[in-house]
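Using the hints provided, position chain B relative to the given structure of chain A.
There are 2 protein chains.
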Amino acid sequence: MAAPGKGLEGVVAAETAISDIDGKEGVLSYVGYDIHDLAPNATFEETCYLLHNLELPTEQQLDEIKEQLGREREPNDFVMDLMPQLAQNTAPMSMLRTACSASSANDPDGWDTSEEANYRKAMRLIAVFPTLVAYYDRLRNDQPLVRPDSGLSLAANFLYMLKGDKADDAEARIFDICLTLHADHTMNASTFAARVCAATLSDIHSAVTAGIAALKGPLHGGANEQVMRMIKEIRNLGGAGKARDYTIDKLRNKVKVMGFGHRVYKTEDPRATHLRRMAKELAEKSGDGSNYEISQEIERAVMDEKGIYPNVDFYAASVYGYLRIPTDLFTPVFACSRVSGWTAHVREQYADNRLIRPDHAYVGPERRSWKALSQR
Amino acid sequence: MAAPGKGLEGVVAAETAISDIDGKEGVLSYVGYDIHDLAPNATFEETCYLLHNLELPTEQQLDEIKEQLGREREPNDFVMDLMPQLAQNTAPMSMLRTACSASSANDPDGWDTSEEANYRKAMRLIAVFPTLVAYYDRLRNDQPLVRPDSGLSLAANFLYMLKGDKADDAEARIFDICLTLHADHTMNASTFAARVCAATLSDIHSAVTAGIAALKGPLHGGANEQVMRMIKEIRNLGGAGKARDYTIDKLRNKVKVMGFGHRVYKTEDPRATHLRRMAKELAEKSGDGSNYEISQEIERAVMDEKGIYPNVDFYAASVYGYLRIPTDLFTPVFACSRVSGWTAHVREQYADNRLIRPDHAYVGPERRSWKALSQR
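These protein sequence lines are chains A and B, in that order. At position 36 of the first sequence (counting the first as 1) the number is 36 in the working numbering, and the numbers step up by one without a gap. At position 2 of the second sequence (counting the first as 1) the number is 2 in the working numbering, and the numbers step up by one without a gap.
Calculated directly from the structure, the hints in this document are not laboratory data. Mixed in with the good hints there might be a few duds.
Copies of the same chain look alike in the list, so a pair counts if it fits in one copy or across any two.
As a list, the in silico SDA-like pairs of lysine to any residue whose alpha-carbon atoms are at most 25 angstroms apart [as the list claims (entries may be wrong)]: (1) Lys242 x Ala117; (2) Lys266 x Val363; (3) Lys242 x Lys280; (4) Lys6 x Pro84; (5) Lys306 x Arg120; (6) Lys6 x Asp22; (7) Lys306 x Met80; (8) Lys6 x Val264; (9) Lys254 x Glu9; (10) Lys232 x Asp109; (11) Lys256 x Asp352; (12) Lys166 x Gln85; (13) Lys371 x Leu54.
As the structure is a computational prediction, the values presented were derived from the model and not from experiment.
Next up, chain A with everything else stripped away, as it sits in the complex (with noise of 0.2 angstroms):
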């Protein structure tokens, strides 16, 4: 028997075709294809296509994934009739993981678990996330729902029903390419909850929501909003200036700084180059360039001190909050990326399908004998 200690790290869970990592020399691939070059060219409809499918779409199945993905973005009826309630009650990341859960009920698909039938709840779970969140915003703020447009790609669909306005072209192809960039990431926490659920043959909707409620921790998609949380207390100590003491101070009293480090990485996440890079193009593009600013500053403090490199969280707090997206919706927005990993990871599970059940090691009293009650 194995004891890799706690965290199962660098054990082997799963096999998988989706997304490989070569953490010591700092690559991220979907399906064979260089996150760098994926980055650039694909949009998040072609990066589903490629985890769903394994190959990029041709045109006309790119048009069939479009069409698909617009189609399908409005929530049923019996999740509408819950989003004022969940709205006035709950935290973003519970109101998707609810929403999320109560979805399945009325899937036009109902229980049907066919390889077809999970393919297109799969493409409806990606497809309404994006609803859900931006509803969910506008009913906690008081302002009417906008419908989703679904002439708009899914990146910038979001946008327009999160703000009701149109973002310009270049915002939306910025969060589209977030979009790419989080789209999936090996056997991440959420991602193996998912597929754990999976294995039990449980149904899709369980799994994706098994992830959700994986990614809503500080420790996995909710260190983007802390991040966000540390960037806006820099700015109200005096901004940039300030970083540099702010971040050395935490570290060395010992307190996680967030954004940093990563189990697989050695190197610089890939994914933080094109964040940094977009997040310096929206500073100068707003005028306003304190959260980048600030975020570099944080950056080389942790480098020096630490030498630690940013993982994906850390600039992809500065992209939201230049796109204007509130901080409390950057891991659901996360979670409207994410979907698409999961989703094509449990449809793998399903197909070559084994329970994952491991041991645990006892280390509780030794076997001992009842007690009465009155003995105690």
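Chain B alone, transformed into the frame defined by chain A:
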């Protein structure tokens, strides 16, 4: 890098003091107490205390947890608002998954993640699950709700809320034992899913929601329902006299007979021993031996043909059948018990946490260059 193969069989994923299994000897223990000692002696309330506190309760501690688990049985208003819709639209485990997820919103401890708050949240979840299941059943059948009776044990109260009249002491005690038998089982798939979520420091409601999502699968909690469906099918074919041929026919046609075999036990699952005895007791009491007799014939046929032992799901089906629990509530009833183990494991994970993030084996296409759409 270890390559244990799919399923993480034999790979230690976590340390735990909560339960232990000796698969070769067929021993299950909770915190050092053999399940053969717990079944005849412990109440489910004592078991909950044991799993969470790693000691049997004193009289005062037992009174406290009984009071706590009696007081918190009503779902909060938000969840109550959802229940009629969930009862009309949703399958039982999907209802429980959605209701559990939704119940985080109005928890009196809010986002407090202190150890004490998580203990209270755990107790609330254990207390409310039976009510959710009973209310669901009565709502879908247009029956008036039966409000929980805090004077009854959790087991007796569930049967009361479900049926509308109080179970006799013998039946209530049998159901109580069932809850203890199902309460924990080391790193089973649902508990593991819950721990993977908890290890991102996501909240306890998220982790338990993931547990439900995994338990729902037919290779995990869903098996007990399928056993009952098989028993009913055999009854329709003519009863116990048809069971042997039916079973052997299935096995020879490579159709899985549910409720047999277990990844961990190489001998009889010790829980099956108690469930078999209780099924017999209820058969005699009811004057209708058919469930039990059919089960016995299936068990003998599987043993003769394959040498495989029944697991916890096999006789649980007969027992729940005799207790007149609707078949599609068997897995939710399993969840009503296992939530005690899930929450204990989640708290154990929080107390000494490390992100659970395994590795993968990449089996997809080799690195390849981007191809423009027009060239595909």
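Hints and how they fare:
{"no.": "1", "hint": "Lys242 x Ala117", "result": "neither (54 angstroms within a copy, 36 angstroms between copies)"}
{"no.": "2", "hint": "Lys266 x Val363", "result": "between (32 angstroms within a copy, 22 angstroms between copies)"}
{"no.": "3", "hint": "Lys242 x Lys280", "result": "within (19 angstroms within a copy, 74 angstroms between copies)"}
{"no.": "4", "hint": "Lys6 x Pro84", "result": "neither (41 angstroms within a copy, 42 angstroms between copies)"}
{"no.": "5", "hint": "Lys306 x Arg120", "result": "neither (46 angstroms within a copy, 39 angstroms between copies)"}
{"no.": "6", "hint": "Lys6 x Asp22", "result": "both (22 angstroms within a copy, 21 angstroms between copies)"}
{"no.": "7", "hint": "Lys306 x Met80", "result": "neither (48 angstroms within a copy, 50 angstroms between copies)"}
{"no.": "8", "hint": "Lys6 x Val264", "result": "both (15 angstroms within a copy, 20 angstroms between copies)"}
{"no.": "9", "hint": "Lys254 x Glu9", "result": "within (23 angstroms within a copy, 37 angstroms between copies)"}
{"no.": "10", "hint": "Lys232 x Asp109", "result": "neither (45 angstroms within a copy, 27 angstroms between copies)"}
{"no.": "11", "hint": "Lys256 x Asp352", "result": "between (39 angstroms within a copy, 17 angstroms between copies)"}
{"no.": "12", "hint": "Lys166 x Gln85", "result": "neither (27 angstroms within a copy, 35 angstroms between copies)"}
{"no.": "13", "hint": "Lys371 x Leu54", "result": "between (59 angstroms within a copy, 14 angstroms between copies)"}
Checked against the numbered hints above, the structure violates hints 1, 4, 5, 7, 10 and 12; every other hint is satisfied.
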